[in-house]
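The listed protein sequences derive, respectively, from chains A and B.
Going from the first sequence to this note's numbering is simple: count from 1 and add 16.
Going from the second sequence to this note's numbering is simple: count from 1 and add 103.
Calculated directly from the structure, the hints in this document are not laboratory data.
Careful: at least some of the hints might be erroneous.
List time: in silico PhoX-like cross-link candidates among lysine-lysine, alpha-carbon distance up to 25 Å [as the list claims (entries may be wrong)]:
{"id": "1", "chain 1": "B", "residue 1": "K108", "chain 2": "B", "residue 2": "K171"}
{"id": "2", "chain 1": "B", "residue 1": "K159", "chain 2": "A", "residue 2": "K73"}
{"id": "3", "chain 1": "A", "residue 1": "K73", "chain 2": "B", "residue 2": "K108"}
{"id": "4", "chain 1": "A", "residue 1": "K73", "chain 2": "B", "residue 2": "K157"}
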Amino acid sequence: KAGVTQTPRYLIKTRGQQVTLSCSPISGHRSVSWYQQTPGQGLQFLFEYFSETQRNKGNFPGRFSGRQFSNSRSEMNVSTLELGDSALYLCASSLMGPYNEQFFGPGTRLTVL
Amino acid sequence: DQQVKQNSPSLSVQEGRISILNCDYTNSMFDYFLWYKKYPAEGPTFLISISSIKDKNEDGRFTVFLNKSAKHLSLHIVPSQPGDSAVYFCAASQTQGGSEKLVFGKGTKLTVNP
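This is chain B alone, in the form it adopts within the complex (with noise of 0.2 Å):
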């Protein structure tokens, strides 16, 4: 059973447009939303995170919406660059009472051409 999911595999955007990448997770006790983004060859890197008592947060050109009633997580960049082409994670942890495990989606491709 996938707790987190990203159901868009790939996206492709034009340079200076937004990227909107999508998450949706099944269990209501997660409470602490995390977004990385991941180059070929390399590990993730931690990119913004959302604690479930907000609805919005934002980091430059990044921001995350969280919408608890329909569990439903989005990433905005704004504008999209170039460099932003890579793969990017959702995850999801229960932090109260929970293993605190974090549960990662399958990841969605961005593409972002010049």
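So here's chain A without its partners, still in its complex pose (with noise of 0.2 Å):
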């Protein structure tokens, strides 16, 4: 059974950009939770998708954006990059949600110059 996929693995934009990371859930899963890692905050939950609605969000501005597709891909939409933006993102799937064991991709480093 393959991973929770995620693509790019790294990305560098600047200041004001915008950047659009794609997730595929394990195959079956239904639930696509995003998270963003920095080292002072740890993982803060940014959505949860399930059936291409978001069920959950997290307490981040409306420059974080996200969507699911009907096949359970997910994209993740960061709008007017800001230099507080650089981290790991990471996505995570499971049958019916974050309260299930997650399967984590190996993320996104995103850096923001």
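Hints are included, so try docking the two chains, each in its own frame, into the full complex.
Here it is as structure tokens:
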């Protein structure tokens, strides 16, 4: 069974630009969650999608958005990038939701210059 | 406001000894707790979980203890092995009547010395 894949693995952008990150969950998993990991804040929940609907949202500004497609693949978009958005963005999939065992992808390392 | 706290950023133990990682939470509505392990350059991997109706869950070398009155949980690894060296994240969720968001602590870096 293929694991969770995230593309791209590394990304360098400049302030003000926008970025789209992609996540392909494990086949059969309908829940996809996104997290931001920074050295000072640990893992912070961004949002969770289930069957193309956003079910939960963390405390992030509206510049962070996402969507889920009918095949459960998910994208995350960050507009008007700020230096503080530099982080590892992790995607996790599970059968029913975050309280189930989640399987994480390797992450996308975003650097904003 | 940090609802899940891992107050020890790092822990170092000798191979073969017990590793005890601690986690405190403030939200009494949390009813499901999980531990994840993360190696560098990899995503976190699920380790073990516990429901609030239990006070202990064991899986091989890993045991999680939950003390609801103290809002405290701990992960015991016995015996510790060098391959256990990683960052361990504690996470909590409110599954009943809540948003089911998973709240993570900031992690504890465990180093097991040979």
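Now for the hints, and whether the structure bears them out:
1. The hinted pair formed by K108 of chain B and K171 of chain B meets the criterion: a straight-line CA distance of about 15 Å does not exceed 25 Å.
2. A C-alpha spacing of about 31 Å is found between K159 of chain B and K73 of chain A, which places the hinted pair above 25 Å, so the restraint is violated.
3. At most 25 Å may separate the alpha-carbon atoms for a hinted pair to count; K73 of chain A and K108 of chain B meet this at roughly 21 Å.
4. Proximity of K73 of chain A to K157 of chain B is assessed by CA-CA distance (about 28 Å); at most 25 Å being required, the pair is judged violated.
Of the numbered hints stated above, those contradicted by the structure are hints 2, 4, listed in ascending order.
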